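Participant: Here's the letter readout for the chains.
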Amino acid sequence: MPLLRNPSKEPLWKDEFSVFTSDERYVTRRQFTKFLTLASLGMFVGNLWILAKSRLTKTPAFPTAEVAEINEIPVRGVKLFTYPTPQDHCIMIRTGEEEYAAYSQKCTHLSCAVYYSAKNDRLECPCHQGFFSVKDGAVLQGPPPRPLPQITLEREGTKLLAIAVQGG
Amino acid sequence: MANLEPSKQRRGLVTIDGAMALIVILLVVQIWLLSATLETFLAGHSGTVVPAAIFSGLIFLGCLALDFFVTRVDQESRKS
Amino acid sequence: MHGYEFYVDPSRCIGCQSCVVACAECETHRGKSMINFDFIDRQGTTAAAAYVCWHCEEPTCAMVCPADAIKKGDDGIVQSSLKPRCIGCSNCVLACPFGIPKIFPEYEQMMKCDMCYDRTSVGKKPMCATVCPSQALSYLRPEEIAKRREKPTNLFRFGNQKIVTRVHMMVPAETDTVSLEVLDYMWEESYAASSQPQ
Chain V
761 MPLLRNPSKE PLWKDEFSVF TSDERYVTRR QFTKFLTLAS LGMFVGNLWI LAKSRLTKTP
821 AFPTAEVAEI NEIPVRGVKL FTYPTPQDHC IMIRTGEEEY AAYSQKCTHL SCAVYYSAKN
881 DRLECPCHQG FFSVKDGAVL QGPPPRPLPQ ITLEREGTKL LAIAVQGG
Chain Y
246 MANLEPSKQR RGLVTIDGAM ALIVILLVVQ IWLLSATLET FLAGHSGTVV PAAIFSGLIF
306 LGCLALDFFV TRVDQESRKS
Chain B
72 MHGYEFYVDP SRCIGCQSCV VACAECETHR GKSMINFDFI DRQGTTAAAA YVCWHCEEPT
132 CAMVCPADAI KKGDDGIVQS SLKPRCIGCS NCVLACPFGI PKIFPEYEQM MKCDMCYDRT
192 SVGKKPMCAT VCPSQALSYL RPEEIAKRRE KPTNLFRFGN QKIVTRVHMM VPAETDTVSL
252 EVLDYMWEES YAASSQPQ
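If you read the protein sequences in the order shown, they are chains V, Y and B. Convert by adding 760 to the 1-based position in the first sequence; the result is the number in our numbering. Convert by adding 245 to the 1-based position in the second sequence; the result is the number in our numbering. Convert by adding 71 to the 1-based position in the third sequence; the result is the number in our numbering.
Just so you know, not all the hints are guaranteed correct.
Unchecked claim - In silico DSS-like pairs for lysine-lysine, Cα to Cα no more than 27 Å straight-line: (1) V/Lys774 x B/Lys173; (2) B/Lys154 x V/Lys774; (3) B/Lys195 x B/Lys222.
Calculated from the structure, these hints are not laboratory results. This one's a predicted model, so the numbers in the text were calculated from it and none came from an experiment.
Can you make the complete structure from the sequences, with help from the hints?
Facilitator: Here it is in structure tokens:
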């Protein structure tokens with residue numbers, strides 16, 4: 761500490777453990793301020809740690825799974841499947857002749873199963889009236905904080921495959 | 246050693262109290278920043294991580310500057 | 072405090088010990104008197120002296136306390152030792168040049184005069200100054216003490232050490248410092264001589 765402390769004729773212990781109550785008030789405040797600065801440093805290090813993790817961890821490899829045949833479901837029809845594990849329930853909607861969309865079925869609010877409402881052309885959660893867009897899974901209305909994770913589909917011949925999960 | 250007149254001492258203490266209040270506010274902001282960054286990162290959006298780290302660093306530098314200020318006020322209270 | 076200062080004039084002390092009894096009435100220090108009362112030479116004279124804590128500017132007792140138990144406040148009064156901190160080591164008892172702090176081994180605590188802080192902080196006089204019939208211990212304004220023939224001083228020299236106190240001592244007008252050469256008052260040699268077998 762000698763670099764940062766102004767040289768004064770009193771030794772450090774006389775400053776820190778002063779016999780004068782007026783000095784004591786300064787000492788306690790100074791020590792508290794130092795502690796707060798240390799806490800701030802700790803949180804900055806936390807942010808750096810997150811930064812390091814984001815640089816170092818690779819995106820996990822997803823398995824490829826067959827979902828359905830090309831013309832298995834009609835337009836505005838729905839198929840339920842599980843991807844990537846049997847515990848992850850997903851929903852696929854045929855939005856057009858050649859267009860399909862697939863999302864995780866777990867509502868991002870409290871994990872109720874969402875269903876497709878053909879009348880309103882959106883994904884709806886029955887628990888708290890959360891609505892998601894079919895185009896990109898964005899939240900249209902309600903308590904869900906985040907959009908629905910999207911399942912990337914790939915067409916291979918007459919089959920539709922799920923190859924990745926985006927957004928959680 | 247501590248024979249400053251009470252009015253000057255009180256002013257020094259008030260200054261330090263103000264600096265401490267500022268630091269506490271900065272710390273609250275930093276706590277929120279850390280928790281929000283962690284939540285977004287875990288949700289998969291890693292684009293916010295770098296600006297958050299920069300802002301956190303700036304807040305820490307602010308706290309450090311206030312800490313130096315408090316130490317200087319404290320030393321000046323003893324000099325005379 | 073509040074414009075009053077404490078003045079000690081040992082030449083006025085008649086040895087009645089009213090101050091000792093009055094101080095002991097206070098429950099703040101458990102009925103023990105904090106006055107340092109001295110019969111100077113009991114065999115040779117009736118002279119007596121009563122002293123209170125001198126509340127030095129740089130209190131030696133506080134400086135040597137290992138537990139940081141003695142504090143001096145903004146108003147210049149050196150407080151008695153803090154109960155949670157004092158370990159009863161007697162360092163202050165040994166260090167004080169005036170011999171003021173008293174150690175109480177049954178409490179493992181040092182206690183000393185704090186100029187009746189509960190009274191003086193609200194403008195009253197300390198108990199000893201209130202009851203002293205000859206005003207050897209007095210708590211007066213400086214203009215009132217100026218009427219006396221003796222003059223107050225608060226500068227003491229113990230050998231090379233200079234001590235400035237809050238409490239004043241009344242000394243003859245031409246004296247400005249009370250200087251004591253400690254070696255002059257050490258009488259071990261005379262005791263050693265008298266204890267030798269004849």
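Participant: Each hint should be assessed against the structure and marked as holding or not.
Facilitator: Results of checking the hints against the structure:
1. V/Lys774 x B/Lys173: Between V/Lys774 and B/Lys173 the Cα gap is close to 25 Å, so the pair holds against 27 Å.
2. B/Lys154 x V/Lys774: Holds - the C-alpha atoms of V/Lys774 and B/Lys154 are around 21 Å apart, at most 27 Å.
3. B/Lys195 x B/Lys222: holds, 24 Å
The structure fails none of the hints (numbered hints given earlier).
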